[in-house]
Amino acid sequence: SQKIEQNSEALNIQEGKTATLTCNYTNYSPAYLQWYRQDPGRGPVFLLLIRENEKEKRKERLKVTFDTTLKQSLFHITASQPADSATYLCALDAGSGTYKYIFGTGTRLKVLA
Amino acid sequence: DAGVIQSPRHEVTEMGQEVTLRCKPISGHNSLFWYRQTMMRGLELLIYFNNNVPIDDSGMPEDRFSAKMPNASFSTLKIQPSEPRDSAVYFCASSSSTDTQYFGPGTRLTVL
Numbered sequence: 011s012q013k014i015e016q017n018s019e020a021l022n023i024q025e026g027k028t029a030t031l032t033c034n035y036t037n038y039s040p041a042y043l044q045w046y047r048q049d050p051g052r053g054p055v056f057l058l059l060i061r062e063n064e065k066e067k068r069k070e071r072l073k074v075t076f077d078t079t080l081k082q083s084l085f086h087i088t089a090s091q092p093a094d095s096a097t098y099l100c101a102l103d104a105g106s107g108t109y110k111y112i113f114g115t116g117t118r119l120k121v122l123a
Numbered sequence: 078d079a080g081v082i083q084s085p086r087h088e089v090t091e092m093g094q095e096v097t098l099r100c101k102p103i104s105g106h107n108s109l110f111w112y113r114q115t116m117m118r119g120l121e122l123l124i125y126f127n128n129n130v131p132i133d134d135s136g137m138p139e140d141r142f143s144a145k146m147p148n149a150s151f152s153t154l155k156i157q158p159s160e161p162r163d164s165a166v167y168f169c170a171s172s173s174s175t176d177t178q179y180f181g182p183g184t185r186l187t188v189l
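Chains A and B supply the protein sequences, listed in that same order. The first sequence begins at 11 in the working numbering and counts up one residue at a time. The second sequence begins at 78 in the working numbering and counts up one residue at a time.
Isolated chain A, as found in the complex:
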């Protein structure tokens, strides 16, 4: 079955720097890969989706890359701000034609002022 690995250790970076979070998977390459943000005490909030035939997707200060050869997605936040501090989850679809997604355990990001 699909296994997703996200760095379980918290990532601390200085305000203004670029934060880079990693999502690795071990089995089949998904058709869709999503990134969500989760704040304490709240549900995850959708940020970006990237398809298997896309190498890169951008939205404002966010950028996601998808390398099906390395079985890896990178999530970048440029010009990071303390308000970007949260846990970031990646999610992979469980198979073509399904609405089912498998989530990673998330990486906690803290942006220091």
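Some clues are possibly wrong.
[Stated by the list, open to error] Which chain A residues face chain B? A few, computed with CB under 10 Å, are given here:
hint: 1; residue: Y38
hint: 2; residue: P92
hint: 3; residue: A96
hint: 4; residue: K110
[Stated by the list, open to error] The calculated lysine to any residue pairs, modelled on SDA-like cross-linking and capped at a C-alpha distance of 25 Å, are:
hint: 5; chain 1: A; residue 1: K81; chain 2: B; residue 2: D176
hint: 6; chain 1: A; residue 1: K110; chain 2: B; residue 2: Q94
hint: 7; chain 1: B; residue 1: K155; chain 2: A; residue 2: G51
hint: 8; chain 1: B; residue 1: K101; chain 2: B; residue 2: L123
hint: 9; chain 1: B; residue 1: K101; chain 2: A; residue 2: S11
Hints listed in this document are in silico derivations from the structure and should not be mistaken for laboratory results. All C-beta atoms, glycine included, are put in the ideal place defined by N, C-alpha and C.
Could you slot chain B onto chain A? The hints should help.
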């Protein structure tokens, strides 16, 4: 737009009691998902419905868990009898496509 609504937000119960969690999806969404989140296991999909029909319940831990979706605007997740290891945050999410899922605020369940 009220978003996904879950109730209760917090539930504390004793082992052996029945627990019912409720969810109202976003109007017009045809898929509904129940997840459980713990520190150890992260966010796990329990069951999902499409057009009110259960499509995949392979994530439901055991027979103590059951879920229903009697209509497009309401779903329940029931645990009977509850056990301490069921303590977690339970999320409901809804979607209208294979893309974005919209999550509710969650129900924090504590079983003593």
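Hints, verified against the model:
Because the beta carbon of Y38 of chain A sits about 16 Å from the nearest beta carbon in chain B, more than 10 Å, this interface hint is broken. Annotation: P92 of chain A was flagged as interfacial toward chain B, and the flag is violated, the nearest CB pair being 23 Å apart, outside 10 Å. With 10 Å as the threshold, the beta carbon of A96 of chain A stays out of range of chain B, its nearest partner Cβ sitting at about 14 Å, so the hint is violated. A distance limit of 10 Å between C-beta atoms decides the matter here; for K110 of chain A the minimum to chain B is near 6 Å, and the interface restraint holds.
About 20 Å separates the Cα atoms of K81 of chain A and D176 of chain B, which keeps this hinted pair within 25 Å; it holds. Proximity of K110 of chain A to Q94 of chain B is assessed by CA-CA distance (about 30 Å); at most 25 Å being required, the pair is judged violated. Distance hint between K155 of chain B and G51 of chain A is fulfilled; the C-alpha atoms sit about 22 Å from each other, no more than 25 Å. This hinted pair checks out: K101 of chain B and L123 of chain B have alpha carbons roughly 17 Å apart, not beyond 25 Å.
Pair hint K101 of chain B plus S11 of chain A does not hold up; C-alpha atoms about 31 Å apart against a cutoff of 25 Å.
Taken one by one, the earlier hints fail for this structure at numbers 1, 2, 3, 6, 9, listed in ascending order.
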